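Residue numbers (this note's numbering), protein chains in the order written: chain A, 1 to 212; chain B, 213 to 424.
One thing to keep in mind: the hints can contain errors.
Said to hold, decoys possible - Counterexamples of contact, computed for chain A against chain B with all Cβ distances above 12 Å:
1) V32
2) F58
3) A78
4) A89
5) V98
6) V102
7) A131
8) A134
9) D160
10) W196
11) R200
What the hints assert, rightly or not - Pairs of lysine to any residue, SDA-like flavour, derived with a Cα cap of 25 Å:
12) K3(A) to S214(B)
13) K90(A) to V331(B)
14) K121(A) to K3(A)
15) K302(B) to R108(A)
16) K25(A) to E242(B)
17) K237(B) to P43(A)
18) K90(A) to A292(B)
19) K302(B) to Y46(A)
20) K90(A) to S214(B)
21) K90(A) to K390(B)
22) K302(B) to D153(A)
23) K215(B) to T251(B)
24) K90(A) to Q336(B)
25) K3(A) to P210(A)
26) K90(A) to W112(A)
27) K25(A) to A292(B)
28) K302(B) to L137(A)
29) K302(B) to V32(A)
30) K25(A) to A38(A)
31) K3(A) to G40(A)
Source of the hints: derived by calculation from the structure; they are not laboratory data.
All of these numbers come straight from a predicted model, not from anything done at the bench.
C-beta atoms are modelled at their ideal positions from N, C-alpha and C, and glycine is treated no differently.
Chain by chain, the residues run as shown.
2 protein chains.
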Amino acid sequence: MSKPILYGADYSVYVRIVRLALAEKQVDYELVPVDVFATGGPPEWYGRHQPFGRIPAFEHGGFALYETSAISRYVDEAFAGPALQPADAKLRATMNQVVGIVDAYAYRTLVWNIYVETVSKPAQGARTDEALVASALPVALTCLAELARLKRDGDWFLGDTLSLADLHLAPVFGYFTKAAAAQALLAGHPALTAWWERMRQRPSYCGTEPTS
Amino acid sequence: MSKPILYGADYSVYVRIVRLALAEKQVDYELVPVDVFATGGPPEWYGRHQPFGRIPAFEHGGFALYETSAISRYVDEAFAGPALQPADAKLRATMNQVVGIVDAYAYRTLVWNIYVETVSKPAQGARTDEALVASALPVALTCLAELARLKRDGDWFLGDTLSLADLHLAPVFGYFTKAAAAQALLAGHPALTAWWERMRQRPSYCGTEPTS
């Protein structure tokens with residue numbers, strides 16, 4: 001079967017989640033660049049792959065798929081290599097909860113409201129929305145407290161085995177920890193901090209650094 | 213083991229998704245009312261169950277869980293009864309894609325921007341945000357076209373067997389189809405319309421009608 005195609009930009013948290021899953025499964029793939037922030041939006045042809053105009057989209061031997069959680073689970077289930085989803089129902093539930101927390105709270109709060117506002121915008125000469133940052137801080141505290149509470153003992157989020165919980169969370173932390181506020185927010189969560197130090201050194205993570 | 217507890221309000225699309233899963237698995241449970249729209253927000257004690265203040269939250273013999281997709285999958289995997297997730301990787305991927313489409317696009321567009329604006333608000337004497345409705349209509353068309361494209365032949369979304377795709381989508385359709393715009397938007401999608409007619413007559417669906 002032809003190698004899978006991933007459409008998206010490597011700066012995207014969600015594209016990187018899929019790239020991490022593909023790297024962990026040692027699946028060779030083609031990354032087709034799609035910039036959703038380009039003037040006028042993504043190119044017209046991309047509508048055939050993701051009609052809502054978001055990234056990533058994925059294709060594997062004629063099977064087309066979008067929505068990151070669907071793609072990362074499919075990559076785990078359709079390819080050989082280490083399982084990225086635990087068999088135990090409670091561990092799976094915690095993994096799915098972490099994926100849900102990333103989508104519902106952590107991505108918007110830690111990446112957009114904290115990293116983009118306090119790092120990315122000033123670097124481009126744009127003004128930080130201080131009220132937005134202030135309103136994000138308590139949500140960020142809750143996110144980190146909940147992630148710390150849910151983390152199991154062991155090197156990885158669910159214990160001794162890497163899972164989609166690690167892969168969905170890592171790219172969010174990749175941006176968030178560049179913000180000056182991150183250190184104070186992470187204080188008091190040594191297990192989460194230690195997890196992040198391990199995660200950021202993992203070859204799959206190092207090999208998917210954004211180029212743009 | 214004690215029977216599971218579900219925290220939430222029966223008007224909630226996301227609470228109903230979990231109730232549908234519990235009903236399909238024939239699991240007896242206790243529904244503890246939590247009204248997130250109450251003046252001042254949900255009661256203080258609820259913060260222990262869902263620190264972001266959203267519904268539902270779930271508990272099963274001391275195992276606490278929130279995020280609907282995590283709960284509905286856990287209910288499927290932890291209890292006896294018919295499997296609500298197909299074994300085939302591609303079918304599972306399409307199921308996960310539908311769950312993702314509901315979360316990322318359909319819920320906001322079909323429930324809030326169309327149903328709430330054109331049905332719920334006028335019924336309460338509030339003014340419809342016509343610009344919001346107008347901007348929602350093309351997204352709604354894309355949602356329905358994509359759902360129609362992804363639907364497999366057969367009585368249920370993925371074919372002959374009911375799955376979480378049906379259960380995550382049904383409560384969204386429950387509100388959306390009360391809007392006058394729904395008929396025109398659904399025109400040209402007879403398979404989706406027929407699916408909805410079947411789904412709304414299913415005992416699990418009839419037995420979880422909102423009371424508020």
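Results of checking the hints against the structure:
Every C-beta of chain B lies more than 12 Å from that of V32(A), the closest at about 19 Å, which supports listing it as non-interface. Non-interface status of F58(A) relative to chain B is broken: a Cβ of that chain comes within 12 Å, the nearest being about 9 Å off. Against chain B, the non-interface label of A78(A) is violated: not every CB pair exceeds 12 Å, the least being about 5 Å. Taking the minimum C-beta to C-beta distance to chain B, about 4 Å, the non-interface status of A89(A) is violated against the 12 Å cut.
At roughly 8 Å from the closest C-beta of chain B, the C-beta of V98(A) falls inside 12 Å, breaking its exclusion from the interface. The claim that V102(A) lies off the interface is violated: its Cβ sits roughly 10 Å from the closest Cβ of chain B, which falls inside the 12 Å cut-off. With a least CB separation of 20 Å from chain B, A131(A) remains clear of the 12 Å interface cut-off, as annotated. At the 12 Å boundary, the C-beta of A134(A) stays outside the reach of chain B, the nearest C-beta of that chain being 18 Å off.
At the 12 Å boundary, the C-beta of D160(A) stays outside the reach of chain B, the nearest C-beta of that chain being 20 Å off. Non-interface call for W196(A) relative to chain B: holds, since the shortest CB-CB distance, roughly 21 Å, exceeds 12 Å. The beta carbon of R200(A) sits about 25 Å from the closest Cβ of chain B, which is more than 12 Å, so the claim that it is off the interface holds. Restraint check for K3(A) and S214(B): the C-alpha separation of about 48 Å exceeds 25 Å, so the hint is violated.
Of the supplied pair hints, the one linking K90(A) and V331(B) is violated, its CA atoms being roughly 40 Å apart against a limit of 25 Å. With a CA separation close to 37 Å, the supplied pair K121(A) and K3(A) exceeds the 25 Å bound. Restraint check for K302(B) and R108(A): not satisfied, since their Cα atoms lie roughly 29 Å apart, outside the 25 Å limit. A hinted pair counts as satisfied when its Cα atoms are at most 25 Å apart, and K25(A) with E242(B) does not qualify at roughly 41 Å.
A threshold of 25 Å between alpha carbons decides the hint, and for K237(B) with P43(A) the separation of about 45 Å lies outside it, so the pair is violated. Among the hinted pairs, K90(A) with A292(B) is consistent with the structure: their alpha-carbon atoms are about 15 Å apart, no more than 25 Å. Among the hinted pairs, K302(B) with Y46(A) is consistent with the structure: their alpha-carbon atoms are about 22 Å apart, no more than 25 Å. Proposed proximity of K90(A) and S214(B) is supported: the alpha carbons are some 16 Å apart, at most 25 Å.
Taking the CA atoms of K90(A) and K390(B), the gap is about 37 Å. The hint is violated against a cut of 25 Å. The suggested pairing of K302(B) with D153(A) is violated, with an alpha-carbon distance near 33 Å, which exceeds 25 Å. At roughly 30 Å between alpha-carbon atoms, K215(B) and T251(B) are farther apart than 25 Å, so this suggested pair is violated. A hinted pair counts as satisfied when its Cα atoms are at most 25 Å apart, and K90(A) with Q336(B) does not qualify at roughly 42 Å.
Taking the CA atoms of K3(A) and P210(A), the gap is about 22 Å. The hint holds against a cut of 25 Å. Our distance criterion of 25 Å between C-alpha atoms is broken by K90(A) and W112(A), whose separation comes to about 31 Å. Simply put, K25(A) and A292(B) have alpha-carbon atoms about 31 Å apart, too far for the 25 Å limit, and the pair is violated. At roughly 40 Å between alpha-carbon atoms, K302(B) and L137(A) are farther apart than 25 Å, so this suggested pair is violated.
For a cut-off of 25 Å, the pair hint linking K302(B) to V32(A) stands: about 22 Å separates their Cα positions. Taking the CA atoms of K25(A) and A38(A), the gap is near 31 Å; set against the 25 Å cutoff, the hint is violated. The hinted pair formed by K3(A) and G40(A) fails the criterion: a straight-line CA distance of about 30 Å is larger than 25 Å.
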